[in-house]
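**Q** Chain by chain, the residues:
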Amino acid sequence: MQSHGSAAFRDVWASLRCRVRSVTDKRGNLWLLSRALFAVLLAALVGVIVRLRGSGGTPPHHGGWRELSVEDLEPMDKQ
Amino acid sequence: MRALLVGTGAVGTRSARQLLSSSLVSELIVFSRPGHALRRPNAIGSPEMVKAEELAPKAYELALSGASFVILAAPRLGAGLARAAIDAGVPLVSVSDDPADVRALLALNDVAARRGVPVVAGAGMAPGLSCLFASWAVAGLEEVMEVHVATLGTGGPACARRRHAALGEVVEEWSDGAWVRKVGGSGRELVWFPDGPSADCYRVNRPDATLLVRAFPSLRRATSRAAASRRDRTTSWLPMLRRPHPEGTVGAVRVDVRGRRAGVAQSVVIGASGRPAVLAGIVAASLALKAAQGELIAGAGGVGSLVKRPGELLAELASHGLRAMKFEGAHATAPW
Chain A
1 MQSHGSAAFR
11 DVWASLRCRV
21 RSVTDKRGNL
31 WLLSRALFAV
41 LLAALVGVIV
51 RLRGSGGTPP
61 HHGGWRELSV
71 EDLEPMDKQ
Chain B
1 MRALLVGTGA
11 VGTRSARQLL
21 SSSLVSELIV
31 FSRPGHALRR
41 PNAIGSPEMV
51 KAEELAPKAY
61 ELALSGASFV
71 ILAAPRLGAG
81 LARAAIDAGV
91 PLVSVSDDPA
101 DVRALLALND
111 VAARRGVPVV
121 AGAGMAPGLS
131 CLFASWAVAG
141 LEEVMEVHVA
151 TLGTGGPACA
161 RRRHAALGEV
171 VEEWSDGAWV
181 RKVGGSGREL
191 VWFPDGPSAD
201 CYRVNRPDAT
211 LLVRAFPSLR
221 RATSRAAASR
231 RDRTTSWLPM
241 LRRPHPEGTV
251 GAVRVDVRGR
261 RAGVAQSVVI
271 GASGRPAVLA
281 GIVAASLALK
291 AAQGELIAGA
301 GGVGSLVKRP
311 GELLAELASH
321 GLRAMKFEGA
331 HATAPW
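Sequence lines, in order, name chains A and B.
Position 22 of the first sequence, counted from 1, bears residue number 22 in our numbering, the numbering being contiguous throughout.
Position 193 of the second sequence, counted from 1, bears residue number 193 in our numbering, the numbering being contiguous throughout.
Excised from the complex, chain A in its bound form:
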């Protein structure tokens, strides 16, 4: 059983190496590099979009700003 398993693994490995070799032989290492670069750029683009889109919340629907007078400001020191 063990020898069957290892033989199968060797076959798969050999076929993978063969495929990679054929790819690099046909199109060259530059092709792999350009694909990796494309993946990195795509990830960066998605990151930028996720980071920039949307907004930080909703403004309050009630209330407002009131200017503080000297009478409002000074008594706080005495508390």
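Everything labelled a hint here was simulated from the structure, so no lab data went into it.
Among the hints, erroneous ones may be present.
[Said to hold, decoys possible] Here are the in silico distance ranges between beta carbons for each label pair:
{"hint": "1", "chain 1": "B", "residue 1": "Arg243", "chain 2": "A", "residue 2": "His62", "range": "39 to 49 Å"}
{"hint": "2", "chain 1": "A", "residue 1": "Ala36", "chain 2": "B", "residue 2": "Pro217", "range": "19 to 29 Å"}
{"hint": "3", "chain 1": "B", "residue 1": "Gly140", "chain 2": "A", "residue 2": "Leu42", "range": "46 to 56 Å"}
{"hint": "4", "chain 1": "B", "residue 1": "Leu238", "chain 2": "A", "residue 2": "Asn29", "range": "28 to 38 Å"}
{"hint": "5", "chain 1": "A", "residue 1": "Ser69", "chain 2": "B", "residue 2": "Lys308", "range": "13 to 23 Å"}
{"hint": "6", "chain 1": "B", "residue 1": "Val170", "chain 2": "A", "residue 2": "Arg53", "range": "22 to 32 Å"}
{"hint": "7", "chain 1": "A", "residue 1": "His62", "chain 2": "B", "residue 2": "Ser22", "range": "33 to 43 Å"}
{"hint": "8", "chain 1": "A", "residue 1": "Gly56", "chain 2": "B", "residue 2": "Val170", "range": "14 to 24 Å"}
{"hint": "9", "chain 1": "B", "residue 1": "Pro217", "chain 2": "A", "residue 2": "Glu71", "range": "24 to 34 Å"}
{"hint": "10", "chain 1": "A", "residue 1": "Gly63", "chain 2": "B", "residue 2": "Gly35", "range": "17 to 27 Å"}
{"hint": "11", "chain 1": "B", "residue 1": "Pro217", "chain 2": "A", "residue 2": "Ala44", "range": "50 to 60 Å"}
Note that beta-carbon positions come from the ideal geometry of N, C-alpha and C, so glycine has one too.
Position chain B relative to chain A; hints supplied.
**A** Positioned in the frame of chain A, the structure of chain B alone reads:
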């Protein structure tokens, strides 16, 4: 009173004008960095009161004798000039919002306290006015738990460059009683400022939290944010792509203080709007005059640590044109 001012940028000139409008100041010596000489000293005040000089150790030390206070309105000059001022027994007010400058000044706390000299670190719009607002709001609470500062706009070119860098730096936030490192430009929150404008604000590397935690040791959380556009955030890791404006126009600061009063959770939201350089100039000049009159606590610290009566100072700032505003009618609901 003889006043010394180091720095001739937007905040420096606004501070100078504020000082010269006071009847207490009779002479103002303005130091500029070598190569950044004040082109028209007369533009900030009467020629018989203003004297412009290039910053040099000997000239500075000579001017310190007989000076009532120093305002530092130039970044990355703090520690050396502050040490000389302390040795001469002259109070110093620094407007820099660079965390490195603030840390350098805070390190002089023991020396300043021994000499009985107040050294105010971060005395601009934020930190500065933000810490003053926080102190005022804290006075009305029994227990303070959180302070959140947000700003809109910048003063002069130095402020704009600093904010650009601060958006891309690591930020230290005070969270649950410990310093936590966060990424600058993260943590978006929509903040509504006085006089209308609302803007998305993000974490920035500014020393507000450091100064607030020193002033209010019971704080559980302290954060600092600044309004930024999408372009600001995406380009924060690059050098500034275009020259900053000579002086910012629209600006605002908003402070959200949370705590308890009579066992009930309370939130006080207070702020002000105006040109950031003008606000910073008013704060720096008023603090310097207070320091010269012996009304600040000796030692190095932020506005929240050294000002004895924040309400009185805010009332004084109001007489110089600052409009302090309070948000009423709804609780601050931002989940900071």
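**Q** Each of the hints needs a verdict: does it hold here or not?
**A** Quick rundown of the hints versus the structure:
{"no.": "1", "hint": "B:Arg243 <-> A:His62: 39 to 49 Å", "verdict": "holds (42 Å)"}
{"no.": "2", "hint": "A:Ala36 <-> B:Pro217: 19 to 29 Å", "verdict": "violated (52 Å)"}
{"no.": "3", "hint": "B:Gly140 <-> A:Leu42: 46 to 56 Å", "verdict": "holds (53 Å)"}
{"no.": "4", "hint": "B:Leu238 <-> A:Asn29: 28 to 38 Å", "verdict": "holds (32 Å)"}
{"no.": "5", "hint": "A:Ser69 <-> B:Lys308: 13 to 23 Å", "verdict": "holds (21 Å)"}
{"no.": "6", "hint": "B:Val170 <-> A:Arg53: 22 to 32 Å", "verdict": "holds (24 Å)"}
{"no.": "7", "hint": "A:His62 <-> B:Ser22: 33 to 43 Å", "verdict": "holds (41 Å)"}
{"no.": "8", "hint": "A:Gly56 <-> B:Val170: 14 to 24 Å", "verdict": "holds (21 Å)"}
{"no.": "9", "hint": "B:Pro217 <-> A:Glu71: 24 to 34 Å", "verdict": "holds (31 Å)"}
{"no.": "10", "hint": "A:Gly63 <-> B:Gly35: 17 to 27 Å", "verdict": "violated (50 Å)"}
{"no.": "11", "hint": "B:Pro217 <-> A:Ala44: 50 to 60 Å", "verdict": "violated (43 Å)"}
When the structure is compared with the earlier hints, violations turn up for hints 2, 10, 11 and for no others.
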